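In order, the protein sequence lines correspond to chains A and B. The first sequence runs contiguously to residue 540 in this note's numbering. The second sequence runs contiguously to residue 474 in this note's numbering.
Derived from the structure by calculation, the hints contain no laboratory data. Note that the structure is a prediction, hence the values are computed from the model and not measured. From the three backbone atoms N, C-alpha and C, an ideal C-beta is built for every residue, glycine too. Check each hint, because a few of them may be wrong.
Said to hold, decoys possible - Sample of chain B residues facing chain A (criterion: CB under 10 Å; computed from the structure):
| id | residue |
| --- | --- |
| 1 | Asp220 |
| 2 | Thr240 |
| 3 | Ala288 |
| 4 | Ile453 |
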Amino acid sequence: MTIGGVARFWREIPQRYNLIGKQCGSCGRIYFPPRESCPYCRRKSIGKMRDIKLSGKGEIVTYTVIHVAPHNFEGQVPYPIAIVQLEEGPRITAQIVDCKIEDVKIGMKVEYTFRRIQEDGYTGAIYYGYKFKPCQQKQNHQ
Amino acid sequence: MRDVAIIGIGITKFGELWDKSFRQLIAEAGSKAIIDAGIEGKEIDAIYVGSMSAGRFIGQEHVGALVADSSGFAHLHIPAIRVESACASGGLALRQGYLSVASGMNDIVVVGGIEKMSDVGGTAATETLATAADQEWEAFFGATFPGIYAMIATKHMHDYGTTREQLAQVAVKNHANGALNPNAQFRREISLDTVIKAPPVAQPLGLLDCSPVSDGAASLILCPAEKAKKYTDKPVKIIGSGQASDTLALHARDSICTFNSTVYAARMAYKQAKKTPKDIDVAEVHDCFTIAEIIAIEDLGFVEKGEGGKAIDNNITTLDGSLPVNTSGGLKAKGHPVGATGVAQVVEIVTQLRGEAEKRQVKDATIGLAHNVGGCGASCIVHILEAM
Ligand SMILES: [Zn+2]
């Protein structure tokens, strides 16, 4: 991830640090990562995409455990990574932390946590963003 | 639009070819195809070449002109076009060449596909392949390319009861086919146990569920179908060509276990060819990972969704089955020089339809299908071919 340098990273900070997505002002659909226009409303949505902070709660759709990783992640193997469906609808890819690897399951309730993602061996830059951990309190909603 | 035929094929050996350069490989595949078709350089109207990432693999861009130059055509000033669609670059090169002949703009077109991957280390090759995924929203967070396919496998096993053994069977079958293909990277059979006990890459996928890092090139010669018999006794007609796209990231799709790019590209190709999945005698599908073959045969309509894992036990996709899949060994055993793959698949189908596949020949094969995927399904190209 060294290509593009620092600007490439800080450009995405609001989204990666705080889970800020976009909501279409025309149909109400919510997108994360943010989109410039709504694929369903297209021209009607231009200029009407509003920032929206996501709750950070969701559920595991599918997952894997990475054993062979790119060099920026080599120190972390083996690590679980999942597609998480957020309460508001969007799905994102993120690491699952703070639990045993064998406890990671499809359907598991998880929530956002702010963590160090990777370390660039060449520049020494450390990149932060979201990971997900098992939900602390029991959830009553689906 | 006019009908288009393939009148010549050429392929190099696939593998980690330390002694062969990018230039040597493409020149070898191209000249084999040109000699096979019996055409001359001055007849060529255009060259289309698929290459995923020459810039990262060998530090060389401007691949279109380079391919024309290394093939000895610089003095003929033939238009040369490089196309890129990740691992589907080869299939896309064929589709672009096909469209240019079908349109009437060109008569004789050379299609090539190439990748020289082994000049960089394994880690660098893996990272370059990951550029076919979403760099900002998948790779940044630690998802690898095998990891993304592994998440499809986890979901397929959960939703449809597909087993670890069924994944491994794909590798066993394709290695057995590869053992019969003189150009394959791996020419040895492997056991189910060996696949399952191989070191893990991304659970549930192990090392032997993944296609290898490969060097290689392949080439095809196209011409208008009405002129094809002038060049060869065994022309093969392109009766359907389909292409579709989808989101770069797997997570952005509603369905994890279906590649809609495959569904749409196949629908386009079947419609043009006026054929259904039942009409296909032999197919090469994009098995970059074992799970990829399972979902490909479902999305192409060869079996019902969820039934892909049983296709080998049910004797459907095996060499003596009702619809043999990846007779060449597939990406898994034949090798996967990414830009070459889509072209190499069609070389295998043409070889089968000509009846020249020797020990791996599918009896009475007249209609074949080639399925080439880019990334984890953000691009797909499907071609249907028929012996003339
Ligand atoms: Zn909308």
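Original post:
Holds or violated: is the Cβ of B:Ala288 closer than 10 Å to a Cβ in chain A?
Top reply: With a closest approach of 5 Å, the B:Ala288 hint holds.
Original post:
Hint check: is the beta carbon of B:Thr240 less than 10 Å from a beta carbon of chain A?
Top reply: holds (5 Å)
Original post:
Does the CB of B:Ile453 sit less than 10 Å away from some CB of chain A?
Top reply: With a closest approach of 35 Å, the B:Ile453 hint is violated.
Subject >> Interface hint outcome for B:Asp220 [beta carbon to chain A under 10 Å] >> reply: holds (8 Å)
Checked against the numbered hints above, the structure violates only hint 4.
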